[in-house]
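Please put together the full structure from these sequences, using the hints given.
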Amino acid sequence: MLRIIAVRVVLGLLTLLGVSILIFAATEILPGDVCTAIQGQGATPDTLRVCRIELGLDRPSYVRYTEWFFNALHGDFGLSLTNKRDILKSISPKFVNTLFLAGYAALIAVPLAVGLGILAAINEGKWIDKVANIVSLAAISVPEFFIGYLFILFLAVRNHWFPSLSTVFSDMSFGERVYVTALPAVTLTLLVTAHMLRMTRSSVLAIMSQPYIEMAFLKGLARARVIMVHALPNAAAPIITVIALNLAYLVVGVVVIERVFTYPGVGAFMIDGVSKRDLPVVQAGGLVFAGAFVLLNTVADVLGVLVNPRLRRAKTGT
Amino acid sequence: MINRRYWPTVTAWIGAAIVAAFIVIAIFAPWIAPFGESQSVGETWQPSTNTYWLGTDNIGRDILSRVIYGARTTIGVALVTTVLSFMIGITTGLLAAVGGPAIDQVLSRLVDVILSIPLLIFALIILSMMGSSLITLVLTIAVLDSTRVFRLARSVAQNIVVLEYVEAARLRGEGLPWIIFREILPNALPPMISEFGLRFCFNFLFVAGLSFLGLGIQPPLADWGGMVRENGGAVFGGKAAPLWPALAIALMTVGVNLVVDWILSMNARPSGASAEM
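Read top to bottom, the protein sequences are chains A and B.
Under our numbering, think of the first position of the first sequence as 3, with each following residue one higher.
Under our numbering, think of the first position of the second sequence as 1200, with each following residue one higher.
Honestly, the hints are just simulated from the structure, not real lab data.
Built from N, CA and C at the ideal position, the CB exists for glycine as well.
You may find that some hints are simply not true.
Unchecked claim - With beta-carbon atoms standing in for the labels, derived distance ranges:
(1) Asp78(A) to Leu1338(B): 27 to 35 angstroms
(2) Thr68(A) to Glu1363(B): 30 to 38 angstroms
(3) Phe72(A) to Gly1374(B): 42 to 50 angstroms
(4) Ile55(A) to Leu1338(B): 30 to 38 angstroms
(5) Glu216(A) to Asn1358(B): 22 to 30 angstroms
(6) Arg66(A) to Pro1207(B): 51 to 59 angstroms
(7) Glu216(A) to Gly1437(B): 54 to 62 angstroms
(8) Leu1338(B) to Met230(A): 46 to 54 angstroms
(9) Pro1390(B) to Ala27(A): 32 to 40 angstroms
(10) Gly1437(B) to Tyr67(A): 50 to 58 angstroms
(11) Leu1388(B) to Ile55(A): 51 to 59 angstroms
To be verified - Computed list of chain B residues with no C-beta within reach of chain A, every gap over 10 angstroms:
(12) Thr1210
(13) Ile1302
(14) Leu1351
(15) Pro1376
(16) Ile1378
(17) Phe1411
(18) Ala1445
(19) Leu1446
What the hints assert, rightly or not - A few chain A residues that don't get close to chain B, going by computed Cβ distances all over 12 angstroms:
(20) Met3
(21) Gly20
(22) Tyr64
(23) Leu75
(24) Ile142
(25) Ala226
In structure tokens:
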């Protein structure tokens, strides 16, 4: 089993390497470079040449990639093109904010979704399952900003229960932070819960149609016992994968939510970089998001191996 | 004999009605809309009145008319993107299944790497380099989305490649294009239909999301995501202006999802993997 886990971790690291190459290459292969992006319409061959030498773009791309990659490993993302500030310094407080928001949403969403998903699967075809199906389908279909603005309009502006802007400061107390970010966190929760619930339900149902479950029923065991003792241990692996996958989705959903609630996170920072065509900022933001995404997927794989009873037995060599 | 199992459910009918209504609105927009697409008709952010049913927007245009015209742009762009994505995805997917292990390995590993980055983040990187013209937008989303189509098309085709009639065509000496498009494609299409609906929903929300972030369809055109962005500020003054285009997006996606849900229930596949990025 250790070997399987080691393979997954190495694969994750390789993916991260591939991702970094891809992010770098995307800015290389596409027509134009940082200099044409900065200068736009006013570029002449001479100004472009000066700019390229200034930024070191005249060196071969593999040299610049290695430099960029190893600097990024040390946490050095370079300077922002628009305001010449150190990107690491501007991104790290925002990273903490985004992590806080995502963690907040995950803390509510995971128990809720898994619980409801199992409940829906147990009661397949009954009213509770149907309600869960329709509500989650609606939540999946609705764009993030619709729920977000709906909350702002009715919970923050018309009734002053919550602040409409989720601006957070570094000297805020934890309780205040939780209160101020409640609306974006609940919006994120709704979206992720819907996905997670549906996927949990279908992975439990997939297990429930296995022959050994039918056998357990034929032995005359109670339904609750069959599900808790026989089905869940085998359903745990797919459910954990589902959780990690959806947390990865949460990482992305956060981009739009941050824009709706003007929350100072990495997503808003990256969008700002994209509209100003500030490539080092975009690359840094992309690396942070892609890194989180790959990390969560790898964790899902490893946990999936750890909790799967069949793979666990392989350890004792029987 | 008509099989009752395939009879559309009530929810499927509702979904189909919503989708049909939006398509009619999109096609006949100039005849339905009370005002022009970019015609300024009154004060900024007026509430709903008898003249302006949904009020006016940030520069005094009639929101109802903009929502009606927006149906054209938003649905149109998402539809073109999805069709393009399927053309790319199916061609490469079938090629990977038929063309031998070397082609398969190259294409599959490339898709693995692309899928290991969230599509939104990837799109942002490309759009920041290329700027967001309509063509860039459609091409970017189509290529990124085709990776999902590729996976499905490849796995469906792999089950077909081993069948006798494909072998027969090979022995007959048919070329690769014939085998791909005449032998495999017609048999691979049915399972792809519900996928088309799901991918459409995804692309639709993706385009709307990018426009909302200001990086999708650009201003003179009316599109639902962009309208939400333009009118976002109104909500803080207690007005519902950005909610109408957002509601249109929600209704359209719910409609398509209801129809897809029914198709999926016939194929008995687990549903609900519609909008993961």
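Evaluated hints:
For the hinted restraint 27 to 35 angstroms between Asp78(A) and Leu1338(B), the CB-CB distance of approximately 34 angstroms keeps it satisfied. Remark: the range hint 30 to 38 angstroms for Thr68(A) to Glu1363(B) is contradicted by a beta-carbon distance near 52 angstroms. In this structure the supplied range 42 to 50 angstroms holds for Phe72(A) paired with Gly1374(B), their Cβ-Cβ distance being about 48 angstroms. Evaluation of the 30 to 38 angstroms hint for Ile55(A) and Leu1338(B) yields a pass: the beta carbon distance comes to about 32 angstroms.
Distance hint check for Glu216(A) and Asn1358(B): the Cβ-Cβ separation is about 27 angstroms, which falls inside the suggested range of 22 to 30 angstroms. Under the hint 51 to 59 angstroms, the C-beta atoms of Arg66(A) and Pro1207(B), about 57 angstroms apart, fit the expected range. The given range of 54 to 62 angstroms is respected by Glu216(A) and Gly1437(B), whose C-beta atoms sit roughly 57 angstroms from each other. For the pair Leu1338(B) and Met230(A), the supplied restraint of 46 to 54 angstroms holds, since their beta-carbon distance comes to about 51 angstroms.
A beta carbon spacing of about 34 angstroms between Pro1390(B) and Ala27(A) agrees with the range 32 to 40 angstroms that was offered as a hint. Hint check: Gly1437(B) to Tyr67(A), Cβ distance near 51 angstroms, so the stated range 50 to 58 angstroms holds. Distance hint for Leu1388(B) and Ile55(A): a CB-CB separation of about 54 angstroms, consistent with the stated range 51 to 59 angstroms. At roughly 8 angstroms from the closest C-beta of chain A, the C-beta of Thr1210(B) falls inside 10 angstroms, breaking its exclusion from the interface.
Taking the minimum C-beta to C-beta distance to chain A, about 19 angstroms, the non-interface status of Ile1302(B) holds against the 10 angstroms cut. Annotated as non-interface, Leu1351(B) keeps its C-beta farther than 10 angstroms from every C-beta of chain A; the closest such distance is 17 angstroms. For Pro1376(B), the requirement that its beta carbon stay farther than 10 angstroms from each beta carbon of chain A is met, with the minimum near 28 angstroms. At roughly 32 angstroms from the closest C-beta of chain A, the C-beta of Ile1378(B) stays outside 10 angstroms, upholding its exclusion from the interface.
Distance check for Phe1411(B) against chain A: the nearest CB is about 5 angstroms away, which does not clear 10 angstroms, and the non-interface claim fails. Not every C-beta of chain A lies more than 10 angstroms from that of Ala1445(B), the closest at about 4 angstroms, which undercuts listing it as non-interface. Not every CB of chain A lies more than 10 angstroms from the CB of Leu1446(B), the least distance being 7 angstroms, so the non-interface label is violated. Non-interface call for Met3(A) relative to chain B: holds, since the shortest CB-CB distance, roughly 24 angstroms, exceeds 12 angstroms.
Interface exclusion of Gly20(A) from chain B breaks down, the closest Cβ pair being 5 angstroms apart, not more than 12 angstroms. The beta carbon of Tyr64(A) is kept farther than 12 angstroms from every beta carbon of chain B, the shortest such distance being approximately 18 angstroms. Distance to chain B confirms Leu75(A) as a non-interface residue, since its nearest Cβ pair spans about 18 angstroms, more than 12 angstroms. Residue placement check: Ile142(A) does not keep its beta carbon more than 12 angstroms from all beta carbons of chain B (closest about 6 angstroms).
For Ala226(A), the shortest C-beta to C-beta distance to chain B comes to about 23 angstroms, beyond the 12 angstroms cut-off, and the non-interface label holds.
In this structure, the hints that do not hold are numbers 2, 12, 17, 18, 19, 21, 24, in rising order.
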